[in-house]
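> Sequence:
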Amino acid sequence: MNRQVLRGAKVLLNHRFLEKDVAVEDGTIVAIGNDLQGDVTNISGYLVPGFIDEHIHGIFGNDSMRGEEDILGMSERLAMHGVTSFLPTTMTEGVEKTRNAICGIAKAMKEYSGAQVLGVHMEGPFVSPKALGAQNGDCVLAPTMENYKALVGENEAIVRLMTLAPEMEGAEEMTKYLVANGVTVSAGHTAATYEQMEDATFWGLSQGTHLFNCMSPLHHRAPGAVGASLTLPAIAPQVISDGVHLHPAAVKLACIANPNTILITDAMEAADMADGQYHLGGTDVYVVNGAARLKEGNLAGSTLTMDRAVRNVMRFAGISLEEAVSMATERVADSLHLEKKGRIRVGNDADLTLLDDELQVKMTMVSGKTVYHAK
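Mapping to the numbering used here: the sequence shown position 114 is 179, numbers consecutive.
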């Protein structure tokens with residue numbers, strides 16, 4: 066592969082935008098500087114690390130639970146929104162259905178043509194029946210090694226993120242096992258107390274799934290999972306900045322309280338689609354004015370995209386583009402132990418997103434290959 070030099074954009078380097086060239090070769094960033102030699106591509110705007118969406122169920126009519134073809138569809142569509150890598154996210158469903166979904170994700174990891182499929186985020190089935198949200202209560206399981214092995218089968222190695230309720234019996238053993246095997250563990254769909262959350266951080270738990278939603282609320286004498294996610298430095302809380310799941314002030318609170326706060330979309334198949342009736346892991350979902358809900362009224366994922374999440378969080382929390390991008394890139398990469406992603410630096414994967422002056426996605430590059438270019 067020829068050495069390509071990207072020239073003319075403001076490049077995000079160590080939380081500052083600088084006018085530099087970025088040289089890419091064999092899928093890797095090989096140099097950053099001025100007047101670099103190579104095949105020059107003139108660009109303009111803001112060149113940032115590619116966005117990473119670690120919590121997404123679907124987009125554009127595709128659903129993670131349906132397997133390989135839908136995952137590949139997600140990969141192509143996500144590239145249009147500046148996402149260069151993602152974790153297709155499963156729902157709390159039956160063992161066979163979950164296992165088949167994970168098998169489909171494993172196959173897609175070898176064939177994607179847009180955003181890179183990094184592995185699996187399992188959202189359940191080790192969740193609390195007291196905080197189901199849109200999860201299937203009939204399929205909740207105890208967090209035992211036997212249940213886990215039955216769910217993942219031969220594809221255990223591709224599990225990168227697990228959402229579970231840390232107060233469940235068996236959660237300690239499960240969390241320690243997962244963390245020891247390189248899996249990031251997040252507290253979600255949980256009724257845990259602050260103290261239970263704090264204990265879980267000593268086991269290795271390090272995220273809070275969709276902050277405020279489906280977790281024990283903040284009370285001044287019982288801070289709950291929300292209070293723990295906001296104040297414990299070991300935890301990176303996930304935030305859905307769509308203006309539906311969280312009031313803008315709640316997003317601002319998270320950004321002020323916890324410098325580890327990260328952006329997710331929690332998108333389902335109706336993202337990039339019109340209002341109407343859809344599905345989330347086989348459950349009927351009704352989208353009205355962009356808000357996805359079950360017939361009972363529970364929120365059921367979002368229709369958010371990551372580029373919009375970045376623009377929204379800047380407005381909601383009053384933060385800079387530099388910080389907003391960090392919430393969708395390096396903080397996610399650090400939490401998932403992705404050493405070659407999330408930052409523009411020599412030696413990292415050439416996963417890059419180019420934004421115009423209105424912060425719309427102009428170009429997306431995955432491992433040095435342009436997978437999306439705006440017309």
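Please note: incorrect hints may appear among the correct ones.
Stated by the list, open to error - Straight-line alpha carbon distances no greater than 25 Å define the calculated BS3-like cross-link-like pairs of lysine-lysine that follow:
no., residue 1, residue 2
1, 75, 434
2, 360, 195
3, 405, 85
4, 75, 405
No lab work stands behind these hints, which were simulated from the structure alone.
> Are the hints correct? Go through all of them and say.
Structure-based check of each hint:
| no. | hint | in the structure |
| --- | --- | --- |
| 1 | 75 to 434 | holds, 20 Å |
| 2 | 360 to 195 | holds, 19 Å |
| 3 | 405 to 85 | holds, 20 Å |
| 4 | 75 to 405 | holds, 21 Å |
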